[in-house]
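Which chain is which? The protein sequence lines are R and H, in order.
Just so you know, we're using this note's numbering here: the first sequence kicks off at 1 and counts up by one.
Just so you know, we're using this note's numbering here: the second sequence kicks off at 1001 and counts up by one.
No lab work stands behind these hints, which were simulated from the structure alone.
Examples of chain R residues lying across from chain H (beta carbon under 8 Å, computed): (1) Q206; (2) R209; (3) T212; (4) G217; (5) N219; (6) R220; (7) R222; (8) L224; (9) Y226; (10) Y231; (11) L234.
One-sided and incomplete, this derived list gives chain R residues near chain H with beta-carbon spacing under 8 Å: (12) A204; (13) T205; (14) A207; (15) A213; (16) G225; (17) S227.
Estimated spans, in silico, between C-beta atoms of each pair: (18) A1121/H to R4/R: 21 to 29 Å; (19) I299/R to T1178/H: 53 to 61 Å; (20) N219/R to D1010/H: 26 to 34 Å; (21) R1124/H to R4/R: 16 to 24 Å; (22) N162/R to W1112/H: 37 to 45 Å; (23) D297/R to A1132/H: 56 to 64 Å; (24) F171/R to D1120/H: 39 to 47 Å; (25) P174/R to A1121/H: 54 to 62 Å; (26) G312/R to D1022/H: 50 to 58 Å; (27) R1124/H to L317/R: 44 to 52 Å; (28) R336/R to W1112/H: 38 to 46 Å; (29) R129/R to A1194/H: 39 to 47 Å.
What you are looking at is a predicted structure, and each value in this text was computed from that prediction instead of being measured.
For every residue, glycine included, the Cβ atom is placed at its ideal position computed from N, Cα and C.
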Amino acid sequence: MIRRWVVPALPFVALALAPLYLGSYHLTLAGRFLSLGVLAMGIVLVWGHGGVLPLGQGVFFGLGGYALAMHLKLVSLPAGELPDFMQWNGVDALPLWWQPFTSAGLSLAAVIVVPAAGALVLAWLVFRRRMTSVYIALITQALALAFATLLISQQGTTGGFNGLTNFDTLFGAPLGDDRTRVWLHLATVALAALAYAGARVLGATQAGRLVTAVRDGENRVRFLGYSPAPYKILVFVVAGVFAGIAGALHTLHLGLISPAMVGVVPSIEMVVWVAVGGRASLSGALIGALLVNLGKDSISSAWPDAWLYIMGLVFILVVVAAPRGLAGVAEALGARLGGARASGRGAAPVTSEGTRHG
Amino acid sequence: MAEPLLDVQDLHVTFDGFRAIDGISLQIFPRTARVIIGPNGAGKSTLLDTVIGRTRATAGRVVFRGQDVTRLAEHRIVRAGICRKFQTPGVLEQMTVFENLAIAVRRHKQWWAHFRFRLDAAERQRVDEVLAEIGMTAQRGRRAAELAHGEKQWLEIGMVLASDAELLLLDEPTSGMTPGETDRTAALIHRLAAHHTVVVIDHDMAFVEKLAAPVTVLHQGRVFKEGDIQTLRDDPDVISIYLGRARRADHAAS
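Chain R on its own, in the form it takes in the complex (with noise of 0.2 Å):
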């Protein structure tokens, strides 16, 4: 019970109290690290426990994130006037889909909802036909590059390229007020508790076992009675889910989203975080997100041109030299500390999927 609950928690509690020991520049980072952290609990599900690799999260972030960009450019308007871009456009009516989004409580259901709903058109869709993991991940690819292209090329009534962005207040707070800053850091907090909780909890459901009892042995499980495509579009979903939360989060803690954050690239980017971290754990998900984001930040305010290289060959050396990532490391380093179980589980051998299409 301790070694389950109690353990995993600590760490969210030293991140809750992150803004008595955290400057306000490095307390936004965190905040913005942890939200895609969620995401990438997402990527465990499906990808770790699952077995399917999808390479298009960025979409799903995307509906999250901007379902409440739109909430937050309509309320920082004078009533009956257009967001800037419209204007600019020459969009003389707000759009039919734009109106559900005056309301802060339709805008926070989208967020879950939106995301819900196009994971589950799409997973009901590759999984009821028996697609493999090779032909998802270029499906999903596939969806990243449309939804970013698509965003891009309505600009009047998304933004365009450039997104949407000059946020002024959240839900009435002031948006850059170091106490709602207080506020958001310790919602994100919640949030990635809570999802990092029910993914566990999740995985501990018969549902959860069977996800992973899918990936290892897809055939036999059919062969004693069960449908393995609603475990499959059941963790689909949650992570479309989790990807959402993470959008909105981050749209909050950045001040934007735009197309540069949905499309081919960060999608990518985002397994390379899980990969790193060790796709089949959820911490180390959380950790992966956290260091391969800060070294970005890092490494593209020093050298911008530098980073997508330097990604690419931590993405190849995690592949060649540790596929289970840094969970996996730690793991094999802890059974060699504690020695007694040499053949234990830090020695288990890694499960075909993913390395091969990693």
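Take the given structure of chain R and dock chain H to it, following the hints.
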């Protein structure tokens, strides 16, 4: 006689023009055991594949308990009461022996019934019974990957048993087993036949003899002969299909 439990009616399966099954009819009655033998490529595994829906029939029907299951989805055929052990053990390597059986034993196999953590009392008791039946109670906490090959075979037989299917299809249950393990498996299948209907495919003649069940010989996708193993073993036609051309060439030479 009673209604057949499994009624295979003039089954045909064609792969790109190759007739893997070329008109097999077969009736299996409740609480009986049947052994299917035949040389490689005779259609034994394809027959089982077709019964459980992994391969689709080109023509003919598979009727189980009076219900036509020929076109049913695989998992629905299993839920109707047919479960199969595959030729290469299909246990879930990353899970323990208990977890493997726990997945097989659940009575409700719809996904929405699985937001609980534990098996219910009846299911747990059934897992214990199956563990005792396959003689693996001591191994319940071990990871399946750590098991010996023969133990994996027993575990998979246990999973098929735990699924509570009425018809058990066992594809080469003794492959890779030592003679001692083979004997234990024969005794196990004997016990199972008291409560289930069992169809066994195997190559090992010594094992087939121990099963003491009616034997169907398949050859080139058809039922070649039926009878008991003592008679079939000495049947010159059966010998010739097993030994193939080499034997026929010997005959011609002598």
